[in-house]
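*Asks:* One letter stands for each residue in the lines below.
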Amino acid sequence: MKKIILSLLALTVLFAGSPIKNGYDVGDVATDFKLKNVDGKTISLADYSSAKGFIVVFDCNTCPVSKAYNSRIIALNKKYAPQDFPLIAINPNSPEVSKGESFDEMVRIAKKKGYDFPYLYDESQQIAKAYGATNTPHVFVLKKTGDELKVVYIGAIDDNSRDAVGASKKYVEQAVDEILAGKPVSVTKTKAIGCGVKWKSA
Amino acid sequence: MNKIVIVIALVAGGFSVGAQVPLIRLAELQKLMDTPSDEVKVVNFWATWCAPCIKELPLFEKINQDRKDAKVTLVSMDIDLDPNPEKVYKFVSRKKLQSQVVILNERNPNDWIDKIEKEWSGALPATLLINTKNGKRKFVEKELHEGDLEKLIDEIKN
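These protein sequences, in sequence, are chains P and V.
Take the first sequence: its position 36, counting from 1, is numbered 35 in numbering that gives the first Met the number 0, and each next residue is one higher.
Take the second sequence: its position 23, counting from 1, is numbered 22 in numbering that gives the first Met the number 0, and each next residue is one higher.
Some hints here could point you the wrong way.
[As the list claims (entries may be wrong)] Within a straight-line C-alpha distance of at most 30 Å, the following computed DSS-like cross-link-like pairs (lysine-lysine) qualify:
no., chain 1, residue 1, chain 2, residue 2
1, P, LYS128, V, LYS54
2, P, LYS35, V, LYS89
3, P, LYS128, V, LYS67
4, V, LYS117, P, LYS168
5, P, LYS128, P, LYS78
6, P, LYS98, V, LYS89
7, V, LYS54, P, LYS66
8, P, LYS112, V, LYS86
9, V, LYS67, V, LYS135
10, V, LYS117, P, LYS66
11, P, LYS98, V, LYS54
12, P, LYS78, P, LYS51
13, P, LYS199, V, LYS54
14, V, LYS137, P, LYS199
15, P, LYS168, P, LYS111
16, P, LYS33, P, LYS77
17, P, LYS199, V, LYS67
Please keep in mind that the hints were generated in silico from the structure rather than gathered at the bench.
Construct the entire structure; sequences and hints are all you get.
*Replies:* Here it is as structure tokens:
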């Protein structure tokens, strides 16, 4: 009996310690969503009927890495929205865990920085979970093929968190340029140091 | 005169922290992780800018103090955002950290995150536990709470 209890305990600990592996891999079909934007309106990817794809960035208010990439995120939308490849930012963080992640603060930052793209509030964190966002900023490039949105790139914006000028590999730009040129995406997955998503405690 | 003594003490203190907190390359970190040891290696990845990392640091300090069967190493990722390690030195001396602290001096994390741990997305905080005697490893990519580290160490100890 003791042994059974012990092995049950061991199993519980084992599962508690292992990360939940879900979310998208490259090639998967991404789900659309209905999330509240900083202007109070609800946004879906389906609203963009002429889009060829999307740069979905899980981003937030407080993370120093997000702050370092802020102007690069703004520039990505300026460059690609006119080419029907708009950027959508989503904040997956729970303000219950980190106060600075509140919706009001999102509104303030979007105004101050002049965001001309949606900055959406994933209050239930279901979209971050479905996509498999782990950190901020974390990018998912989606390509529209027929009615479906295919995940073609997952990872970092570029290879230099410190400054845009020092970046030698601009992963997201390269991926979107390749899609727009009708080519396959050559670098589909990258990693970067970022702030872990602030998940609500279960 | 007193002032001069204080200044000298401060400068010496600053130097000693710098000397105790080396900047290391990936190969040195890998060696630190792989070198056979009787202790369970508890390697925490953190940065001075990471609030949940700072919150959980006392848990690592406690393990470092209490557990003779575990060896804590705090690996700072600060260089990724800021080339100047001064912030880390100041933090270590202000918090009087007793655990071993190193600063990973590498750029372009995409080249080395997988070499440290394939499961790691790059998110901070993250913690890797290694038992070189039986080859068991545990990786956790989240903020830890009271008692978590003890459980994780015991899990891979035998």
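*Asks:* Against this structure, judge whether each hint is valid.
*Replies:* Checked hints:
no. : hint                    : verdict
1   : LYS128(P) <-> LYS54(V)  : 24 Å, holds
2   : LYS35(P) <-> LYS89(V)   : 41 Å, violated
3   : LYS128(P) <-> LYS67(V)  : 39 Å, violated
4   : LYS117(V) <-> LYS168(P) : 21 Å, holds
5   : LYS128(P) <-> LYS78(P)  : 28 Å, holds
6   : LYS98(P) <-> LYS89(V)   : 26 Å, holds
7   : LYS54(V) <-> LYS66(P)   : 21 Å, holds
8   : LYS112(P) <-> LYS86(V)  : 27 Å, holds
9   : LYS67(V) <-> LYS135(V)  : 19 Å, holds
10  : LYS117(V) <-> LYS66(P)  : 26 Å, holds
11  : LYS98(P) <-> LYS54(V)   : 15 Å, holds
12  : LYS78(P) <-> LYS51(P)   : 14 Å, holds
13  : LYS199(P) <-> LYS54(V)  : 16 Å, holds
14  : LYS137(V) <-> LYS199(P) : 23 Å, holds
15  : LYS168(P) <-> LYS111(P) : 29 Å, holds
16  : LYS33(P) <-> LYS77(P)   : 23 Å, holds
17  : LYS199(P) <-> LYS67(V)  : 34 Å, violated
The structure fails hints 2, 3, 17 (numbered hints given earlier, in ascending order).
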